[in-house]
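Given the structure of chain A, go ahead and fit chain B onto it with the hints provided.
Residue numbers (my numbering), protein chains in the order written: chain A, 1 to 543; chain B, 1 to 630.
Mixed in with the good hints, there may be bad ones.
For each label pair, taking beta carbons as the anchor points, the in silico distance ranges come out as [stated by the list, open to error]:
hint : chain 1 : residue 1 : chain 2 : residue 2 : range
1    : B       : H586      : A       : F486      : 50 to 56 Å
2    : A       : P489      : B       : G210      : 40 to 46 Å
3    : A       : V280      : B       : L41       : 50 to 56 Å
4    : B       : A212      : A       : P489      : 33 to 39 Å
5    : B       : Y549      : A       : E495      : 53 to 59 Å
6    : B       : K590      : A       : L450      : 44 to 50 Å
7    : A       : P475      : B       : T542      : 53 to 59 Å
8    : A       : L485      : B       : I45       : 26 to 32 Å
9    : B       : K590      : A       : T101      : 38 to 44 Å
10   : B       : G587      : A       : T101      : 38 to 44 Å
Below are the BS3-like pairs computed for lysine-lysine, each with C-alpha atoms no more than 30 Å apart in a straight line [as the list claims (entries may be wrong)]:
hint : chain 1 : residue 1 : chain 2 : residue 2
11   : B       : K106      : A       : K368
12   : B       : K28       : A       : K368
13   : A       : K368      : B       : K158
14   : A       : K155      : B       : K575
15   : B       : K526      : B       : K372
16   : A       : K105      : A       : K25
17   : B       : K106      : B       : K303
18   : A       : K155      : A       : K301
19   : A       : K155      : B       : K590
20   : A       : K301      : B       : K375
21   : B       : K372      : A       : K301
22   : B       : K303      : B       : K167
23   : B       : K575      : A       : K301
24   : B       : K167      : A       : K368
Because the hints were derived from the structure by calculation, they are not lab data. Backbone N, C-alpha and C fix where the C-beta goes; we use that ideal spot for every residue, glycine too.
What follows is the residue order along each chain.
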Amino acid sequence: MLTALILIPLLGALLVALAPARFTKTLATAITLGALLLSMIAAFQFNWEFPAHVSFAQSFPLVEQLGINLSVGADSVSLLLILLTALLGPLCVVGSFTSITTRVKNYYAWLLVLQAAVTGVFAAQDLMLFYVCFEFTLIPLYVLISLYGSTNRRKAATKFFMYTFTGSVIALAGLVYVSYVAYEANLTWDWSIKTLQIAAQSMTRTEQTWVMLAMLAGFAVKVPLFPVHTWLPLAHTEAPTAGSVVLAGVLLKLGTYAFYKFILPFTPLAVMQYAPAIAVLAIIGIIYTGLICWAQSDVKKLVAYSSVSHLGFCVLGLFAVNMVGIQGSILYMINHGLSTGALFFCIGMLYERYHTRSMDEVGGLAVKMPIFAFFLVFFTMASVGLPGLNGFVSEFMCLLGAFQSGAGGPGGVEFGTLGPWYAAVAATGMIVAAMYLLYMVGRVLFGPLLEPDGHHEHEKLPTDLSWREISVLTPIAVLCLLLGLFPTPILRSLEAPVGIVLKDMENAYDRALTEAPLVVNDESTTDGVQVVVAPIKEAEAAR
Amino acid sequence: MSTESLALALLIAPLVGSFLALVFFRRKHVIASGIVVASGLVSVIASAMLLFGAGHDVGAITARWFSIGDTPIEFGILLDGRTMIMGAVVALITLCIEVYSLSYMKHDEGRGRFFAFLALFAWSMLSFVYSSSLLQAFIFWELVGLASFFLIGFWYEKPSAVAAAKKAFIMTRIGDVGLFIGLILLFMTTGTLDIPAINTLFAGDGLPEGIAPGRIELIAALLFIGVIGKSAQFPLHTWLPDAMEGPTPVSALLHSATMVAAGVFLVTRFHGLFMNAQQTMEWMLWIAVGTAILSSTMAMVAKDMKRVLAFSSISQLGFMLMGLAAGSLFAGYFHLITHAFFKALLFLCAGAFIHHVGSNDLIAMGRAGAAKQMKLTTVALVIGGSALAGIPFLAGFFSKEQIIGSLPIGAKIGALFAAFLTAYYTFRMIFLIVRPNADSMAVEDEPAHAQHEDGHEHHGPAEPLAMLAPIILLAVGAAGAGYIGNWIGHKLHIEHIEHPSITEMAPAIVIAILGVVFAWLEFGRKGARQTGFVSKIPSMQTLFERRWYLDEIYNVVFVRPVVWFASLCIGAENKGFDNGADAVAHGTYKGGRMVARSHSGRLQFYIGSAIVVVAALALTLGFRNGGGAG
Chain A
1 MLTALILIPL LGALLVALAP ARFTKTLATA ITLGALLLSM IAAFQFNWEF PAHVSFAQSF
61 PLVEQLGINL SVGADSVSLL LILLTALLGP LCVVGSFTSI TTRVKNYYAW LLVLQAAVTG
121 VFAAQDLMLF YVCFEFTLIP LYVLISLYGS TNRRKAATKF FMYTFTGSVI ALAGLVYVSY
181 VAYEANLTWD WSIKTLQIAA QSMTRTEQTW VMLAMLAGFA VKVPLFPVHT WLPLAHTEAP
241 TAGSVVLAGV LLKLGTYAFY KFILPFTPLA VMQYAPAIAV LAIIGIIYTG LICWAQSDVK
301 KLVAYSSVSH LGFCVLGLFA VNMVGIQGSI LYMINHGLST GALFFCIGML YERYHTRSMD
361 EVGGLAVKMP IFAFFLVFFT MASVGLPGLN GFVSEFMCLL GAFQSGAGGP GGVEFGTLGP
421 WYAAVAATGM IVAAMYLLYM VGRVLFGPLL EPDGHHEHEK LPTDLSWREI SVLTPIAVLC
481 LLLGLFPTPI LRSLEAPVGI VLKDMENAYD RALTEAPLVV NDESTTDGVQ VVVAPIKEAE
541 AAR
Chain B
1 MSTESLALAL LIAPLVGSFL ALVFFRRKHV IASGIVVASG LVSVIASAML LFGAGHDVGA
61 ITARWFSIGD TPIEFGILLD GRTMIMGAVV ALITLCIEVY SLSYMKHDEG RGRFFAFLAL
121 FAWSMLSFVY SSSLLQAFIF WELVGLASFF LIGFWYEKPS AVAAAKKAFI MTRIGDVGLF
181 IGLILLFMTT GTLDIPAINT LFAGDGLPEG IAPGRIELIA ALLFIGVIGK SAQFPLHTWL
241 PDAMEGPTPV SALLHSATMV AAGVFLVTRF HGLFMNAQQT MEWMLWIAVG TAILSSTMAM
301 VAKDMKRVLA FSSISQLGFM LMGLAAGSLF AGYFHLITHA FFKALLFLCA GAFIHHVGSN
361 DLIAMGRAGA AKQMKLTTVA LVIGGSALAG IPFLAGFFSK EQIIGSLPIG AKIGALFAAF
421 LTAYYTFRMI FLIVRPNADS MAVEDEPAHA QHEDGHEHHG PAEPLAMLAP IILLAVGAAG
481 AGYIGNWIGH KLHIEHIEHP SITEMAPAIV IAILGVVFAW LEFGRKGARQ TGFVSKIPSM
541 QTLFERRWYL DEIYNVVFVR PVVWFASLCI GAENKGFDNG ADAVAHGTYK GGRMVARSHS
601 GRLQFYIGSA IVVVAALALT LGFRNGGGAG
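Next up, chain A with everything else stripped away, as it sits in the complex (with noise of 0.2 Å):
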């Protein structure tokens, strides 16, 4: 099933390329709808009895000698994250309809293979999967930035590129390190995450520390954290408008899903030392770039750099440690890829028509543009996380984790290093948020009309939203309002791995302390029982 969902826009890039480009569009809505179908049918045939459970598993031998595998699987959080970008595949291939003109086929095609390589990214059970789907990536981005973004592209898909592949080699060293561990200890090569959390966790502080600041140079560039966040906005404002939807919806996901995904239950105890500093700077980053975005004349840049705050709360959940943060912090890259895509959208529709990002040059579009100004307040609101949308939920569990951390209450737990100070401090990120998103609101939809010197109207487009755009913006309004209000359904699903990743790191800590023997949950083979494997600490101790 996940294999298909990586092979079909993968194989479909293929015949995007080699078929007619009368056919182009079609073919790619096709594929992409197919691969939307798949994906909902993964996510009725999903057992959400067992969210933990890792479903779709498969495996195919690659190089046996060094036990590389390419194996899929996705449990209630990597299907989450699937279903996510499956969704915004049809949404970006039919939003750019009009906006690419030139080089159709091309485009298409790439957009069709980033799909399949993020899918491979979130349905990886392998590290070496996971590490190359994570790097292939960058390649299709880059193309899409620098042959069909606006003026500076080049150097905005450059300084992306170098940025992001950087920061990755790092990851790659730390992840290695892991593995070479895990080799020393099982005296074979075995690739599979499961494998290497184990081993991992037998590290010693000091190791652990050097392995997490090693994962953290590559995946904090990709969320991406302050101060390592300078590539996005220009990448953002650069790229296309399918671009930056995808660049924002789930390719940043792919920064705070790492960290869920090896940085916390890896190097437990280097995350329960370096918890605050990390908080800090997601704090820094939200109150930072939130007071840059309320200086911005450039409305794509200010929607880029809120992504850069908005994720801040996304770290702040997960280094909170507890089940009410992690959950928040999850709820939270779904929500943010839903807004903030969406809001790229709007963007995109609002300089296909003027050609311009600059709110000194357009404004007071209410006027003109009803049902625009319908979703863009929508989605400046479901941003600002308004109660009742979809961000409202994920951001208080992300603050109130981050609140509970280290004190015992009503469901939080007795885990984590952060407090009060630090959900307070990044509450009046809540104020900052409403003062850009309503700053732009207020310049670009209201007070006098302004359109840029020399206007007429688009010879393709009417002056308010089309069918073909409106339905675009439709499913993500719909999602964002039932994500407001019936959030219980995802949340009670990802109560299961999360209570796991926590129960192992609390695991853990706690045999560091006493250095009792390694317990780890796996409910992959056997439902919540508690496997006990031979203590690598022992053998270590012996040899």
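Just chain B now, with coordinates in the frame of chain A:
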């Protein structure tokens, strides 16, 4: 009908109305407004049936929303005395204002949208009032803010309206963050956000077990910060006068039963908790007294009729909080209800005059002879003004007496002073409209031009029925709401209401009458100069007119530093972090060039570097083994 279906109908009707009006009938104004008024009517009937039919507390109707750990977070409808009375008042006043708007907004091109937002506002406020959990209350508290953002900025082509809307949203959001943190802290302390549960917890004397007094003080203080923002108390009150940029019916709604009332209602909702935080209550008392006096001084010199009323709202909200802070739930709640009637009435009268005269300026209204042309409205204005001033036997008199009666002596003096100023500025307003005179020295700021606020020429009768009917209804309320005090007390389960004796009431009555007489001497009598005693001290006049320079001070102390800091961030971003990253990249590139040059066959270099690499590897592995063993 069952209680559940009534409660649901009352909450869902405005939502459906708003949705239909906004999505389907935005341009079909008649249908949109019809739907919204009908939905308002449903709410009024259902809330009245709940209030009079149920008779006693029926508890809460709840459904699970999501859970945090094992603690369910529920959505629900809470039906007790406090919610049902407030809900009925909100529904009634909203309906009055919707009917009034039918005529008031007749010529506005966006009135479909206007009615949709009115219904959205009504829905948010009603849902807030009937909330059964604090988180739900917070959600609708925010939605009330959103709806008011849309309504204040309704004429979005007017930059000042957009600025005012943003200011309102952001200033109240500052308070909201306080409330939000308080909410989280309350949840962590008590393990629940359920309002009845929290009230039971804090119902008895003394604190519940295991909760430190300091913690309760902190929670109460944080909740109070939210109230300060929403109910426009010092120091976050500055958004409210600017909010007058919205159409007048919006001001009427914002200032009477919704938006600003939400803050005070929150305090009444958690009065048990607040009573356990004596230190915070002390602060609340003095902030309320200070706000009441401060805003009254601003009202004394304002020439814009809506602004006079806005300042008076701030000061009356101060009165309510005084009563609550002094420990009397009944006094504060009672004043909240009576104030809703007379303040809505006053705003609707103001709207009628503005509509007719085409100016907000009091002096211009008087000189245009509005009072003579609009007799019924003028009578209603006098009733509403007298109720506000606390003239005996009208609504405001009873509730204000209750508040003043409950205050400790120091605060009482402050409150009496504010009451004096209230009577004075209210009747200054009335006399300026009703008794223009030839000897007046007052200067018009904004001459009348018989135009509608939005620039449409006004035709038709001065007092159309759709505007007059709500005014009359509210006038009856403003005159009579004072007599239902005992019934309200009964509904709130307050067994014994202390009615102040005549001797206790005397000072307030005397003060109110003094205020009126003083206003008469300066503005009302024949040949009055109509300038007011404040103008004799020009510096004071300017101080009041500029609203104590608070906007300017905030600008210097808060806004500019934040702007400065934001530009600093931009600088750091572009010159520092971004350039830094570029510099690293360039450095690497140059390094690469150098390395490239070294690939020129110099054997020594290769051997040297090989040794270095091997040494580094050995060191790393050694470190690893050493670390592993240790």
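Comparing the hints with the structure gives:
A hinted range of 50 to 56 Å for the beta carbons of H586/B and F486/A is consistent with their spacing of about 51 Å. Checking the proposed 40 to 46 Å range against P489/A and G210/B shows it is violated: the Cβ atoms sit about 34 Å from each other. Between V280/A and L41/B, the C-beta spacing of about 55 Å keeps the proposed range 50 to 56 Å intact. Taking the beta carbon of each, A212/B and P489/A are about 38 Å apart, inside 33 to 39 Å as hinted.
Judged by the Cβ atoms, the range 53 to 59 Å given for Y549/B and E495/A holds: they are separated by roughly 54 Å. For K590/B and L450/A, the Cβ-Cβ distance of about 46 Å falls inside the hinted range of 44 to 50 Å, so the restraint holds. For the pair P475/A and T542/B, the supplied restraint of 53 to 59 Å holds, since their beta-carbon distance comes to about 57 Å. In this structure, L485/A and I45/B meet the distance hint of 26 to 32 Å, their C-beta atoms being roughly 27 Å apart.
Under the hint 38 to 44 Å, the C-beta atoms of K590/B and T101/A, about 40 Å apart, fit the expected range. Between G587/B and T101/A the CB atoms are about 40 Å apart, so this pair conforms to the stated range of 38 to 44 Å. Among the hinted pairs, K106/B with K368/A is consistent with the structure: their alpha-carbon atoms are about 22 Å apart, no more than 30 Å. Between K28/B and K368/A the CA atoms are separated by roughly 18 Å; this keeps the pair inside 30 Å, and the hint holds.
Only pairs whose Cα atoms come within 30 Å are accepted, and K368/A paired with K158/B is accepted, the gap being roughly 16 Å. A hinted pair counts as satisfied when its Cα atoms are at most 30 Å apart, and K155/A with K575/B qualifies at roughly 17 Å. At roughly 17 Å between alpha-carbon atoms, K526/B and K372/B fall within 30 Å of each other, so this suggested pair holds. The straight-line distance between the Cα atoms of K105/A and K25/A is roughly 8 Å, inside the 30 Å bound, and the hint therefore holds.
A C-alpha spacing of about 27 Å is found between K106/B and K303/B, which places the hinted pair at or below 30 Å, so the restraint holds. With a C-alpha separation of about 16 Å, the suggested pairing of K155/A with K301/A holds against the 30 Å cut-off. Taken as a hint, the K155/A and K590/B pair is honoured in the structure, with Cα atoms around 18 Å apart against an allowance of 30 Å. Distance hint between K301/A and K375/B is unfulfilled; the C-alpha atoms sit about 58 Å from each other, more than 30 Å.
About 58 Å separates the Cα atoms of K372/B and K301/A, which puts this hinted pair outside 30 Å; it is violated. Between K303/B and K167/B, the direct Cα distance comes to roughly 22 Å. Compliance with the 30 Å bound is thereby established for this hinted pair. Restraint check: the Cα-Cα separation between K575/B and K301/A comes to about 17 Å, which is no more than 30 Å; the hinted pair holds. Between K167/B and K368/A, the direct Cα distance comes to roughly 25 Å. Compliance with the 30 Å bound is thereby established for this hinted pair.
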